[in-house]
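**Q** Sequence:
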Amino acid sequence: MDTEYHGASDWFDLTETEANRARDLHEEMRIVDGLVAGTYYLDDPGYRDHLREAGIVAGNLTVGGPDFDFEATAAGVADARRRLAANDDIYRLVESVEDIDHAAETDRTGIILGFQGGNWVGNDLSRLRTIAELGVRVVDLTYNRGNTLGDGCCEYRDAGLTMLGREAVAELNDLGIVIDVSHANDRTTSEIVERSTDPVIASHIGCRALAHSQGRAKTDEQLAAIADEGGVNCITPFPPVIKRDADTHEVLPATVHDVLDHVDHAVDVGGVESVAFGGDMSDRTLDQGSISQGSNLNVWRKTHPEVYGAGPTDRMDPYPDGLSRYTELHNLTHGLVARGYTDDEIRLIMGGNLLRVFESVWA
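Quick note: the sequence shown uses the working numbering, first residue 508, plus one each step.
Treat the hints with care, since some could be wrong.
Stated by the list, open to error - Simulated restraints on C-beta separations: (1) S799 - A753: 25 to 31 Å; (2) D608 - R652: 36 to 42 Å; (3) A666 - S867: 27 to 33 Å; (4) G847 - D614: 29 to 35 Å.
Note that these hints are calculated values from the structure, not bench results. All residues carry an ideal CB built from backbone N, CA and C; glycine is no exception.
All chains, please: the whole structure from these sequences, using the hints.
**A** See below:
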């Protein structure tokens with residue numbers, strides 16, 4: 508593996524011994540990303556190596572979810588599978604923990620097919636089995652707005668799971684699909700955690716005690732509930748959930764130290780076995796300096812600054828300095844060393860905790 512991005516970090520005052528420990532640890536541990544945003548990582552020549560160079564052995568790649576059209580959603584999964592197969596020199600489709608093991612053994616990154624949202628379900632729960640057969644292994648039931656299953660983080664009403672949503676939770680448990688609560692509103696989040704017989708994940712969130720992003724940053728009560736049921740809270744460097752003005756919602760400049768504050772807080776609330784990393788980083792979008800018309804910041808920030816913060820709607824907010832893209836992921840490992848975590852604890856945060864959940868649910 509290329510070690511260009513895994514050397515010393517300028518962000519932390521580490522001794523030579525500590526810096527070498529962080530470098531070696533980053534190289535040898537199995538890093539799992541709770542949320543990879545952008546299928547272009549699969550085949551864009553400028554970015555297809557970024558996940559592997561970051562040391563990621565597996566990542567939950569969003570391949571659908573918000574679309575209400577089931578045929579288009581299924582076609583999107585099929586397209587992702589084709590692109591994976593065409594790039595199997597560096598990627599491997601993950602449908603079991605054994606696939607992640609094989610990816611690590613062959614110096615590839617395992618790709619877990621995941622959905623952000625269940626709009627496509629409509630009133631037909633049999634579609635859940637279809638997407639499971641297509642290889643999808645992670646599903647967030649809601650994405651910002653409400654749907655037939657429950658309410659998302661941008662919905663104005665204070666409702667949770669619908670009757671159909673409760674049935675969907677049970678069906679996903681039966682199918683062995685990991686349930687994600689990242690874009691669910693508070694009540695939906697709590698009801699999913701309560702009703703699921705399997706541990707759930709929050710694949711890319713912040714801690715609301717540090718940054719008040721409604722829904723997208725989870726409360727201490729929610730962090731603890733997810734942890735108590737064996738689930739995992741994946742801290743993301745996504746700017747609106749990391750640092751903002753409490754009164755104006757203005758997204759403030761942040762650094763890798765602010766992300767580590769969220770990691771520390773989640774650990775304090777739920778324990779080290781309940782915390783992981785969820786990137787939600789788009790290296791190409793940052794480089795382009797513009798975002799699509801359908802992006803969250805363009806569509807939802809205008810009406811929901813309490814969720815997505817106040818800031819530009821034509822480009823991404825600057826991600827935290829020192830952790831703005833995958834090529835800087837080694838800084839997170841160095842920071843965990845600097846914060847006093849043991850090697851075993853860092854292995855859990857950077858991948859072990861998610862692997863435990865996947866093994867439990869997919870078995």
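**Q** Compare the structure with each hint and give your call.
**A** The hints, checked one at a time:
1. Taking 25 to 31 Å as the suggested C-beta distance range, the pair S799 and A753 conforms, at roughly 29 Å.
2. Distance hint for D608 and R652: a CB-CB separation of about 38 Å, consistent with the stated range 36 to 42 Å.
3. For the pair A666 and S867, the beta carbons lie near 29 Å from each other, so the given range of 27 to 33 Å is met.
4. The hinted window of 29 to 35 Å between G847 and D614 holds, with their beta carbons roughly 31 Å apart.
Going down the numbered hints, you'll see the structure goes against none, and every one checks out.
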